[in-house]
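Starting from the known structure of chain A, arrange chain B on it as the hints suggest.
Number of protein chains: 2
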Amino acid sequence: MSRRTPPLSAYFKKRQALVNRALERVLPKADAYPNVIHEAMRYGVLGEGKRVRPILALAACEAVGGALEEALPAGCAIELVHAYSLVHDDLPAMDDDDFRRGRPSCHKQFGEAIGILAGDALFTLSFQVISRQRSHPARWLQINQELAQAAGTFGMIGGQVADLQGPEAAAKTSTLEYILEHKTGALIAAAVRMGALAGGATPKQLAKLTRYGECVGLVFQLVDDLLDRDGVVKVWGELVTRQRAENLTAQAKAALASFGSKAQPLRDIADFLNSREH
Amino acid sequence: MSRRTPPLSAYFKKRQALVNRALERVLPKADAYPNVIHEAMRYGVLGEGKRVRPILALAACEAVGGALEEALPAGCAIELVHAYSLVHDDLPAMDDDDFRRGRPSCHKQFGEAIGILAGDALFTLSFQVISRQRSHPARWLQINQELAQAAGTFGMIGGQVADLQGPEAAAKTSTLEYILEHKTGALIAAAVRMGALAGGATPKQLAKLTRYGECVGLVFQLVDDLLDRDGVVKVWGELVTRQRAENLTAQAKAALASFGSKAQPLRDIADFLNSREH
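Here the protein sequences come in this chain order: A and B. For the first sequence, counting from 1, position 192 maps to 1380 in the numbering used here; every step adds exactly one. For the second sequence, counting from 1, position 215 maps to 1403 in the numbering used here; every step adds exactly one.
Just chain A, same shape as in the assembly (with noise of 0.2 angstroms):
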């Protein structure tokens, strides 16, 4: 139940800015033609953004022994995969929401159109960015496919289906329960895999890998449910949820045992996305 304050806040810093530059450089520049959707995918890309799935992505290739930079463009990738699923689930026929991050979102700022098709090209971007790597194809290729997986619709889609299928749904645990698993939980998991594979991991450590990537996936939407208060907070109780919450942390943590202090990062992580208070 305890609130800790961020323990790795230089360390977000530090990571954050080093994925924003790489954000930057592999989106098109504003001025190319046809400007407007340029503008429009770095719009909803730049800026805010906690980068928390690219950083563990980084984090996951480090502890497998790999260097930080093999896998930026997997954590590149993943982020821009998330960035296009928050355009489109902002849109008028989704969740339209006219604001993201305290500004206008992506299609009350460049119209729906173009919001559409934004989203469509940062999602575009994402494989693109993938498919450039050359120097291990079989492992790039693996990296795609974990993409394209968490991505559809036994991942994050699936869960977004059942995120609007009325309330009559919502109120089931076991909707609930499927969208606590495959809306953001699919994402996350498979940022800490495409990492660890762009690292090198061996099988065994991609399990162990793969066992902490889910359990933080669920923390991080078990911490946002507790703080809207909606999700499964609805039907297990706050007390309940935050226990969950805290069982899976430690869970997520014990799957880390045999790294040593290469994953202490990913550690640190795990605390802070399950203490995080926005």
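For the record, the hints were derived by calculation from the structure and aren't laboratory data. Note that the structure is a prediction, hence the values are computed from the model and not measured. Among the hints, a few may not be true.
Identical copies go unnamed one by one, so any copy, or any two together, can satisfy a pair.
Said to hold, decoys possible - No farther apart than 20 angstroms at their CA atoms in a straight line, the calculated lysine to any residue pairs in the SDA-like style are these:
id: 1; residue 1: K1422; residue 2: V1411
id: 2; residue 1: K1360; residue 2: Y1221
id: 3; residue 1: K1202; residue 2: A1326
id: 4; residue 1: K1360; residue 2: N1223
id: 5; residue 1: K1441; residue 2: R1399
id: 6; residue 1: K1296; residue 2: Q1353
id: 7; residue 1: K1238; residue 2: R1464
id: 8; residue 1: K1296; residue 2: G1354
id: 9; residue 1: K1360; residue 2: V1224
id: 10; residue 1: K1296; residue 2: A1281
Coordinates of chain B only, in the frame set by chain A:
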């Protein structure tokens, strides 16, 4: 100027059936949870559809000596991207089309939110299909890149954005030519390249087939404009547009000179695309 009867209807029908069976296999079953998204995906892809892009991919694969089956995943992937682009194009904020191929468009049938997500899901699936291929990872990673590039803002999406820029921009010859080259041409040229790569094309073969693909991609859009009395026809006139389509078809076939009888289907398809009447 001649309008020949398509000489290859039996060939087309056989290939269409092959592609349709492959698409049926790669699409999730309609009763997989959450059902509605899988129903919408199948609705957006199965049924009518000329399957021009996959048929081009298969023929390009055979032209370089590959086996038909080697290009089927690439053919499916490109048709899924084509279907996603139609589903999103029909949305109210885009072309606002209530009908597609004689029945309600995807968002009219399933609602706008599912229409957006079904397009997203079809696009995601195309990358899943590609990354499942494990026998030649470098080759499939390049195929992945071809697809993502052709679908992106310097390809198909760029063409769509240019097409949205209102009557003033659309009256400019430069805009019309940009749309001509990007909106449909990029994906058709990519279909040819992806099929050739799947069949193990040499760089020399790939260069020639790229020329072929670019030419037939332009022909496809020119004939669209001729049939709709729209696009470049409005600035070039019908006669000049028809003449350009004829010239490009001749150039496409000339690029195949060194391929012999293995490229006969590609020559016939070029004639078919030039003479099609719908």
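We went through each hint and held it up to the structure:
1. K1422 <-> V1411: within (13 angstroms within a copy, 57 angstroms between copies)
2. K1360 <-> Y1221: So K1360 and Y1221 pass the 20 angstroms test across copies only (15 angstroms; inside, 48 angstroms).
3. K1202 <-> A1326: Neither, since 31 angstroms and 34 angstroms both go past 20 angstroms.
4. K1360 <-> N1223: between (45 angstroms within a copy, 17 angstroms between copies)
5. K1441 <-> R1399: Within one copy, since 10 angstroms is at most 20 angstroms while 55 angstroms is not.
6. K1296 <-> Q1353: between (25 angstroms within a copy, 17 angstroms between copies)
7. K1238 <-> R1464: Answer is within: at 11 angstroms inside a copy they meet the 20 angstroms cutoff, but 52 angstroms across does not.
8. K1296 <-> G1354: For K1296 and G1354, the Cα distance is within 20 angstroms only across copies (18 angstroms; inside one copy 25 angstroms).
9. K1360 <-> V1224: Answer is between: at 18 angstroms across copies they meet the 20 angstroms cutoff, but 42 angstroms inside does not.
10. K1296 <-> A1281: Both: 13 angstroms inside a chain and 13 angstroms across chains, each within 20 angstroms.
Violated hint for the displayed structure: number 3, the only one.
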